[in-house]
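Going line by line, the protein sequences match chains A and B. According to full-length UniProt numbering, the first sequence holds residues 1 to 427 in order. According to full-length UniProt numbering, the second sequence holds residues 1 to 427 in order.
For the record, the hints were derived by calculation from the structure and aren't laboratory data. We put the beta carbon where it would ideally sit given N, CA and C, even for glycine. There's no promise every hint is true.
To be verified - Derived list of chain B stretches under chain A, where covered just means 3 residues or more per stretch with a C-beta under 8 angstroms from a C-beta of chain A:
{"no.": "1", "region": "109 to 123"}
{"no.": "2", "region": "207 to 218"}
{"no.": "3", "region": "225 to 239"}
{"no.": "4", "region": "318 to 324"}
Said to hold, decoys possible - Just some of the chain A residues that point at chain B, by a computed CB distance under 7 angstroms:
{"no.": "5", "residue": "Pro151"}
{"no.": "6", "residue": "Ala165"}
{"no.": "7", "residue": "Ala200"}
{"no.": "8", "residue": "Gln266"}
2 protein chains.
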Amino acid sequence: MSTGSALLTDRYELTMVAAALADGTADRESSFEVFARRLPHGRRFAVLAGTGRLLEHLPRFRFGDEELDALREQGLTDARLLDWLADFAFSGDIEGYAEGELFFPGSPVLTVRAPFAEGVLLETLVLSILNHDSAIASAAARMVAAACERPVIEMGSRRTHEQAAVAAARAAALAGFAATSNLEAGRRYGIPTAGTSAHAFTLLHDDEASAFRAQIATLGVDTTLLVDTYDVDQGIRTAVEVAGPELGAIRLDSGDLPTLATHARQLLDELGATKTRILVTSDLDEYAIAGLMAAPVDGYGVGTSLVTGSGAPTVGLVYKLVERDGVPVAKRSEGKHSVGGRKTAVRRHDASGTATAEVVSSGPVPAQDGDRPLLVDLVRGGQPVSDASPRELLAAARAHHERARAALPAEAWALSRGESAIETMTE
Amino acid sequence: MSTGSALLTDRYELTMVAAALADGTADRESSFEVFARRLPHGRRFAVLAGTGRLLEHLPRFRFGDEELDALREQGLTDARLLDWLADFAFSGDIEGYAEGELFFPGSPVLTVRAPFAEGVLLETLVLSILNHDSAIASAAARMVAAACERPVIEMGSRRTHEQAAVAAARAAALAGFAATSNLEAGRRYGIPTAGTSAHAFTLLHDDEASAFRAQIATLGVDTTLLVDTYDVDQGIRTAVEVAGPELGAIRLDSGDLPTLATHARQLLDELGATKTRILVTSDLDEYAIAGLMAAPVDGYGVGTSLVTGSGAPTVGLVYKLVERDGVPVAKRSEGKHSVGGRKTAVRRHDASGTATAEVVSSGPVPAQDGDRPLLVDLVRGGQPVSDASPRELLAAARAHHERARAALPAEAWALSRGESAIETMTE
Numbered sequence: 001m002s003t004g005s006a007l008l009t010d011r012y013e014l015t016m017v018a019a020a021l022a023d024g025t026a027d028r029e030s031s032f033e034v035f036a037r038r039l040p041h042g043r044r045f046a047v048l049a050g051t052g053r054l055l056e057h058l059p060r061f062r063f064g065d066e067e068l069d070a071l072r073e074q075g076l077t078d079a080r081l082l083d084w085l086a087d088f089a090f091s092g093d094i095e096g097y098a099e100g101e102l103f104f105p106g107s108p109v110l111t112v113r114a115p116f117a118e119g120v121l122l123e124t125l126v127l128s129i130l131n132h133d134s135a136i137a138s139a140a141a142r143m144v145a146a147a148c149e150r151p152v153i154e155m156g157s158r159r160t161h162e163q164a165a166v167a168a169a170r171a172a173a174l175a176g177f178a179a180t181s182n183l184e185a186g187r188r189y190g191i192p193t194a195g196t197s198a199h200a201f202t203l204l205h206d207d208e209a210s211a212f213r214a215q216i217a218t219l220g221v222d223t224t225l226l227v228d229t230y231d232v233d234q235g236i237r238t239a240v241e242v243a244g245p246e247l248g249a250i251r252l253d254s255g256d257l258p259t260l261a262t263h264a265r266q267l268l269d270e271l272g273a274t275k276t277r278i279l280v281t282s283d284l285d286e287y288a289i290a291g292l293m294a295a296p297v298d299g300y301g302v303g304t305s306l307v308t309g310s311g312a313p314t315v316g317l318v319y320k321l322v323e324r325d326g327v328p329v330a331k332r333s334e335g336k337h338s339v340g341g342r343k344t345a346v347r348r349h350d351a352s353g354t355a356t357a358e359v360v361s362s363g364p365v366p367a368q369d370g371d372r373p374l375l376v377d378l379v380r381g382g383q384p385v386s387d388a389s390p391r392e393l394l395a396a397a398r399a400h401h402e403r404a405r406a407a408l409p410a411e412a413w414a415l416s417r418g419e420s421a422i423e424t425m426t427e
Numbered sequence: 001m002s003t004g005s006a007l008l009t010d011r012y013e014l015t016m017v018a019a020a021l022a023d024g025t026a027d028r029e030s031s032f033e034v035f036a037r038r039l040p041h042g043r044r045f046a047v048l049a050g051t052g053r054l055l056e057h058l059p060r061f062r063f064g065d066e067e068l069d070a071l072r073e074q075g076l077t078d079a080r081l082l083d084w085l086a087d088f089a090f091s092g093d094i095e096g097y098a099e100g101e102l103f104f105p106g107s108p109v110l111t112v113r114a115p116f117a118e119g120v121l122l123e124t125l126v127l128s129i130l131n132h133d134s135a136i137a138s139a140a141a142r143m144v145a146a147a148c149e150r151p152v153i154e155m156g157s158r159r160t161h162e163q164a165a166v167a168a169a170r171a172a173a174l175a176g177f178a179a180t181s182n183l184e185a186g187r188r189y190g191i192p193t194a195g196t197s198a199h200a201f202t203l204l205h206d207d208e209a210s211a212f213r214a215q216i217a218t219l220g221v222d223t224t225l226l227v228d229t230y231d232v233d234q235g236i237r238t239a240v241e242v243a244g245p246e247l248g249a250i251r252l253d254s255g256d257l258p259t260l261a262t263h264a265r266q267l268l269d270e271l272g273a274t275k276t277r278i279l280v281t282s283d284l285d286e287y288a289i290a291g292l293m294a295a296p297v298d299g300y301g302v303g304t305s306l307v308t309g310s311g312a313p314t315v316g317l318v319y320k321l322v323e324r325d326g327v328p329v330a331k332r333s334e335g336k337h338s339v340g341g342r343k344t345a346v347r348r349h350d351a352s353g354t355a356t357a358e359v360v361s362s363g364p365v366p367a368q369d370g371d372r373p374l375l376v377d378l379v380r381g382g383q384p385v386s387d388a389s390p391r392e393l394l395a396a397a398r399a400h401h402e403r404a405r406a407a408l409p410a411e412a413w414a415l416s417r418g419e420s421a422i423e424t425m426t427e
C-alpha cells in the first residue's frame, strides 16, 4: 500500500493539468475557494475539521516512480505532464478558518492560491478530508451539547472504513468527546482511549460471575462491567457481589435505556454501590442522548450515528476556482451558482458577545466592534506556517472550537431541523 | 503514519485478551460469526464486499515495537498481554460467503474460528471493512440495476474520507460500475479510471472555445467536454464547432437533467454530432438514475450518494461469539438476540433458478435440488487459501456478484423500501 497521497485524486485533475500545460494556462495565478452552498440536513451550524490532517498530507503529495508508473498504466502518458508531476511540490499559499471554527453557507473555509496546475491538483484531497471530518465534527458537536456536561465516548470504528475511523475519532475529540475506543487515534493524536469488555467476554466464561472476577482481577475494581448479557438485574447484583461497592461503573448496551438506567441506579444504591457510575451505549444519537437527560446516566458511548454524521455523512463543501490572474470568475448556468473573487470573512457579534452574522466580502470588511476575523494563514510558499505536531494541532482545534461555540446564539442548539443559526451577509 | 493494521482496533479487545490470558480462558476454542440482524433502510438485499481487503490486511495485523509502545503510552502495560501480542500472528480459520455474494438477515457472511484471544482481536477490523464496503456495494448494485445497461462511473472520492474513497471505488466496481475517477483505485485494483475536466478548466480560460480547444489538443476529439459552465445551448454549439461532429461526449452537471438531456440530444443531432454521447453527473442516486431511463443519456457519474451508501452508510454487520469449546452461546437479555452455534448456509432456488430462500442451520442442511452452498474457505491455519492478487480478488468478486444477482427474484430490484427479497429460514 502506498503511503503517498498524490493518487488520492480524481483523474480529471491530471487531464486538466496536461491540457493547461500544453496551452500555457497552467501558470495562471489562481484562487480556489472551499465553501458549502447550504448546511446539510437542516443543521443550524457546521464545524470545520480536517485542516490539521490536510497539513499532515501535504508533504506526502508527491509523484514518485510508483505514482508515475501507475499513471502510465492508466494511459496518462503525456510526457510534459509526467515531467511536471515528477517535479511537483506545492508552492502556493493556503489560508482558511482555524480548525474547529464554525461555518455557515458561503463561509470561505479554505482558500488555495497557486498557479492553476498546482491548485487544481489538490481539489480531491482537500475535499475528501474536509468533507468527511467536518461531517463527523458537526454531528459530534450536537451530541456533546445534548449530553450537557456528561462525558461522551466515541466507539464507532466498526461502523465505518478502518482509516475513516481514526479520522472520525479525531473529529469527535475536536468537538468535545472525552475519549475514543480507537487505539490508532490514541497513538496518532493522543486522544484518551477507553473500553473494557464486550458480551463475548461474558459468554466465553462458564458464568457471569467468573467473567466479572476475571475482568476485575486484571483491570481493577474501578473497571466498567457490562451487565446485560443475561439478566440485567442479576447482572448488577453479581457485579456488586464480585466487585464490592467500589465498582467503577456498569454498562448497559440494550433495552429501554431511560427505564433501565433508573432501575439500575436504584438497585446499585440499594446494594451500597452509590458511587458506581452508569454508562449507556446502545444505538445512541443526539436525540437519544437528549432523551436520557433526566435519567441517572453518567456517560454515553456513541458509535454508528457519530461516524456516519447522524444523517449527514458529508457536508457538501465544494472547491471552486474563484479568481485567475486577478479576474473574478464563476459558473453562470442554471443551478450551482458561485460568487467570484477572493473573499475575506468576519464573524459579527452583539454587545453580549453572541454571534449575529457571518460577513463575507470580496473586499475588506469595514471593522465593527465585536467583529472577529476568521481567516488565518495555514501555508505560505508551500510550507505550513505552524510546525505543531498532529497532537498539538488537534489540541489547538479543540480549544478553538470550544471558544467559537460559546458565542453561538441559544437557538443554534435546537436539535430540530431549521435554518442556519446566523445569517451569511455578502458585502 | 503506521502501515500496520493492528491498532485499527477498539481498546476493549485488548483488555479482554489481558483478562482472558490471566484466567486461562484465552485459549478456549471459539467461533465468532458476522451477520446482520436486519437489512438497512428497507433494502431488499445487501451485497457482501470487503473480504478481499480483509485478506490484504491480515498479514499486516502485527504488534511491532511501534504498536507496543503506543499501547504502553495508553496505559496498557500488562506484561503478559504485551508479550502475547508481540508474538501474535493469527493462526485460526476463516470461512464465509464469497465476496460479491448477496446476503440477507441472519446470513452468516463470515465465521472466524480461533482461540478466543485471537478471534476477539479481529472484531473491529473485520467489521470496519465489511460494514463499509458492503454498504457501498449494496447501494452500487441498485444504481447499476437502475441504469440498465448504461455505464455508471464512480466519482465520489471528494465526498468521503480519502482512503474510504479508494475502498468505495473498489466496492462500486465489484457491483458493476464501469469506471472510477479515483487514481489510487486504478493503481491498487486495476479499475479503469475516467474523467476529463471540471468547470474550473473552462473558467481558467478567456472563453469556452479556448478551453475546449486546449482540451481537444491534448485529450483528442473523443474526449468529454463539460458544456454547462455558461449557457448549455451555446456550450454544445461551441463544442461541436471546435471538435467537429466526431466529438466523443458532452457532460451535463447541473439543471433539470431529463429536459436538458433531451434538448442536448436534439441539438447534437441537428449539428451532425449524432454519435456524440451524453453523460450526466449532477447529484445522482438510484432514483434519479431510474428517472432518466427514458432520457437520451449514455452514461451516469455518481458521487455523493454512492460513497455514503445512498441513505445507508453502514450495513449493521455484527461480530458475535457463537460457540466456545463446542458449546453454543448467545446473549439472552432483552433486545439484540443472537442464535448460538456455528452455522452452515445454502441458497435455495426454484426449478427456474430463481432464489427462494436463505437456509441457515446449526447442523448440516439436507440437500435439495437447486441448493447452492454459500460458505467457502478463506483462511486456514492463519494463511489465506488463495494467493490471488488484490486485482484478481476484485475480478473474482465482480464475477461472483454478477452470477449471484442474476438469480434474484424480480421484486428484489424494486427501489422502494420493502422486505428482504427472500426469506431466511433457520433450520
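Fill in: Residues of the region 207 to 218 of chain B with Cβ under 8 angstroms from chain A, three needed, outcome
holds (count 6)
Practice prompt. State whether the coverage of the region 109 to 123 of chain B by chain A holds or is violated, taking the criterion as 3 or more residues with Cβ-Cβ distances under 8 angstroms.
Written response: Contact hint for the region 109 to 123 of chain B vs chain A: holds, 3 residues under 8 angstroms.
Fill in: Interface hint status, proline 151 (chain A) versus chain B (Cβ within 7 angstroms)
At about 15 angstroms, which exceeds the 7 angstroms cut-off, the nearest Cβ of chain B leaves the hint on proline 151 (chain A) violated.
Worksheet entry | Per-residue hint verdict: alanine 165 (chain A), partner chain B, C-beta under 7 angstroms | 6 angstroms, holds
Fill in: Interface hint outcome for alanine 200 (chain A) [beta carbon to chain B under 7 angstroms]
Constraint on alanine 200 (chain A) satisfied, holds at 4 angstroms.
Worksheet item: How does the coverage statement for the region 225 to 239 of chain B fare against chain A, requiring three or more residues with Cβ below 8 angstroms from a Cβ of that chain?
Response: holds (count 6)
Worksheet item: Do three or more residues from the region 318 to 324 of chain B put their C-beta atoms closer than 8 angstroms to C-beta atoms of chain A?
Response: The restraint on the region 318 to 324 of chain B holds, since 4 of its residues have a Cβ under 8 angstroms from chain A and three suffice.
Practice prompt. Verify the interface restraint on glutamine 266 (chain A): the C-beta must sit less than 7 angstroms from at least one C-beta of chain B.
Written response: 18 angstroms, violated
Checked against the numbered hints given earlier, this structure breaks hints 5 and 8; the rest are met.
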